[in-house]
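Novice: Listed in order, the protein sequences are those of chains A and B. Sequential numbering from 1 applies to the first sequence in our numbering. Sequential numbering from 1 applies to the second sequence in our numbering.
Bear in mind the hints are in silico, worked out from the structure with no lab data behind them. Do not rely on the hints blindly, as some may be mistaken.
Unchecked claim - Here are the simulated EDC-like cross-link-like pairs (lysine to aspartate or glutamate), alpha carbons at most 20 Å apart as the crow flies:
{"#": "1", "chain 1": "A", "residue 1": "Lys75", "chain 2": "B", "residue 2": "Glu32"}
{"#": "2", "chain 1": "A", "residue 1": "Lys200", "chain 2": "A", "residue 2": "Glu161"}
{"#": "3", "chain 1": "A", "residue 1": "Lys79", "chain 2": "B", "residue 2": "Glu176"}
{"#": "4", "chain 1": "B", "residue 1": "Lys179", "chain 2": "A", "residue 2": "Glu151"}
{"#": "5", "chain 1": "A", "residue 1": "Lys68", "chain 2": "B", "residue 2": "Asp16"}
{"#": "6", "chain 1": "A", "residue 1": "Lys224", "chain 2": "A", "residue 2": "Glu199"}
{"#": "7", "chain 1": "A", "residue 1": "Lys122", "chain 2": "B", "residue 2": "Glu209"}
{"#": "8", "chain 1": "A", "residue 1": "Lys79", "chain 2": "B", "residue 2": "Glu23"}
{"#": "9", "chain 1": "A", "residue 1": "Lys68", "chain 2": "A", "residue 2": "Asp34"}
{"#": "10", "chain 1": "A", "residue 1": "Lys164", "chain 2": "A", "residue 2": "Asp220"}
{"#": "11", "chain 1": "A", "residue 1": "Lys137", "chain 2": "A", "residue 2": "Glu235"}
{"#": "12", "chain 1": "B", "residue 1": "Lys179", "chain 2": "A", "residue 2": "Asp34"}
{"#": "13", "chain 1": "A", "residue 1": "Lys75", "chain 2": "A", "residue 2": "Glu93"}
{"#": "14", "chain 1": "A", "residue 1": "Lys164", "chain 2": "B", "residue 2": "Glu209"}
{"#": "15", "chain 1": "A", "residue 1": "Lys164", "chain 2": "B", "residue 2": "Glu176"}
{"#": "16", "chain 1": "A", "residue 1": "Lys246", "chain 2": "B", "residue 2": "Glu209"}
{"#": "17", "chain 1": "A", "residue 1": "Lys122", "chain 2": "A", "residue 2": "Glu155"}
{"#": "18", "chain 1": "A", "residue 1": "Lys75", "chain 2": "B", "residue 2": "Glu23"}
{"#": "19", "chain 1": "A", "residue 1": "Lys75", "chain 2": "B", "residue 2": "Glu28"}
{"#": "20", "chain 1": "A", "residue 1": "Lys79", "chain 2": "B", "residue 2": "Asp16"}
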Amino acid sequence: MKRVLTAVFLSTLVAAGTLWAAVPINEHRDLNPDALVEVELVAGAVSVTGWEKSEMELTGTLGDTLQKLEISGGKDRLKIEIRLPEGRHEDIEGSDLVLRVPRGSRISVETVSAPITVSGLKARIELNSVSGNLDVKGSPREVNLNTVSGEITLEDGASLENAKLNSVSGSIDAHLSFRSGGSFEFNTVSGPITLRVPEKVSAEFEVSTFSGSIASDFGDKPIKKSSFLPAEEVEFTLGSGGARVKVNSFSGPVKILRE
Amino acid sequence: MKHCADYEERLNDCLDGLLSPAERAGLERHLEGCAPCREFLAAIRALREQTASLPRSLEPARDLWPGIREGLPGRRAGLPKSRAGFPAWLRGWGGLAPAAASVVLVILIAAAVVIGLRRSAVPPGPGDGGLPGAGAARVVRAAGQEPLEMAEAEYRAATEKLLVALQRERGGASPEALKVIEENLRIVERAIQEIHRAAAGHPGRRVDERMVTNLYRTRFELLRQAVRLFAREGEEKQS
């Protein structure tokens, strides 16, 4: 009897292990070079990389066998979603999605806690996460990055024309070239903002905070907006201007560092 | 005549600049032969031009309304996806369409009031106490604060509907995701309170309207995202 029970117990463990094991993903779809790719995921991680092929490759793992991968749309517009298992909502393993798309693709990713990393794309990138970190590298033309408590890091390859980075309590760390004619906005309530600025940049900066601090390697010392408010602001122009840079923090510290 | 439901999303995407050249060409070919879709496009373009004059911090996000629409339970009850007479981002709300419309309207009205009063009032500088006319200016400023309070009240009323929906759907949510959403809702709420406390503690300091309304919008987006995610799981259970 003992042997039977042991056998049942072991087979249950094996079955459970199979059920809960991560499931490899390997999906391919043809895509136009400027396709819109949308991704939705709750937990886990998303990594998107641009490549030269006119194709989407999705690898990585689903959290377990009960999660469902859904890919809809066609060559112009593709949507990737992970559906969570029915009836089981505890101890859900996140899915790790590794995505390769044409460099000219426009990408839109939305997560709850999953961090998102994007590199090697040339067009528009829109990332929204509640608490996941957002990390963008490469040469996109436009970025729109939003998070509540996640950290945002952005490294621009000098092609960025329009950037909007918003956080509530998460930090923003950006290393940008501030392309002439571009528009760049950084907003936070309590998160720290750090901008790393190359020496030879042409841009007009407007930096303000209500109760945070401003430390800038450029321009004059920040001035107080009034004698009885903690608010500080500083404005300065580098080179001949050209790009417009606005930094606004409520209580988070702002640093503008010379690279 | 009714426009083609299949092209509804594409017409919106066209105005958002999200279409590829091939998609845009296909849409233009369709528009050449479809008068209802041309009229519909003109209508949503006109509506957007009107809202474009509002402060950005109070303007609804492009995908806010379709996102909420997708997530609200009325949709999975088999209600019709399109409702003629509503702009695209208000369509398909089923039984909740009037509530959704009222949410949009109160926010837009509140924004319009903020603009109107802002245009009619020049906020006084911090050092104007006791100067001639300062009393009148202070009255104007006090009145100028009210629209923001009104907008906040309306935002709160609007998000109440989503909170109710979230309560209904939370049983379908993973505890981890729910925890993240709730923690971050608290972060946003604390940030709003921090801004108000700071303004209250510094006479003459106006509340940063843009930041506050952006936070309300963030709160709205968080709830929208949560409701959509959790309702989607519930939808799967029903199917």
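Novice: Please go over all the hints and tell whether each is borne out by the structure.
Specialist: Now the hints, each set against the structure:
no.	hint	verdict
1	Lys75(A) / Glu32(B)	24 Å, violated
2	Lys200(A) / Glu161(A)	17 Å, holds
3	Lys79(A) / Glu176(B)	24 Å, violated
4	Lys179(B) / Glu151(A)	18 Å, holds
5	Lys68(A) / Asp16(B)	30 Å, violated
6	Lys224(A) / Glu199(A)	26 Å, violated
7	Lys122(A) / Glu209(B)	34 Å, violated
8	Lys79(A) / Glu23(B)	16 Å, holds
9	Lys68(A) / Asp34(A)	27 Å, violated
10	Lys164(A) / Asp220(A)	25 Å, violated
11	Lys137(A) / Glu235(A)	28 Å, violated
12	Lys179(B) / Asp34(A)	37 Å, violated
13	Lys75(A) / Glu93(A)	30 Å, violated
14	Lys164(A) / Glu209(B)	18 Å, holds
15	Lys164(A) / Glu176(B)	29 Å, violated
16	Lys246(A) / Glu209(B)	17 Å, holds
17	Lys122(A) / Glu155(A)	13 Å, holds
18	Lys75(A) / Glu23(B)	10 Å, holds
19	Lys75(A) / Glu28(B)	19 Å, holds
20	Lys79(A) / Asp16(B)	18 Å, holds
Checked against the numbered hints listed earlier, the structure breaks hints 1, 3, 5, 6, 7, 9, 10, 11, 12, 13, 15; every other hint is satisfied.
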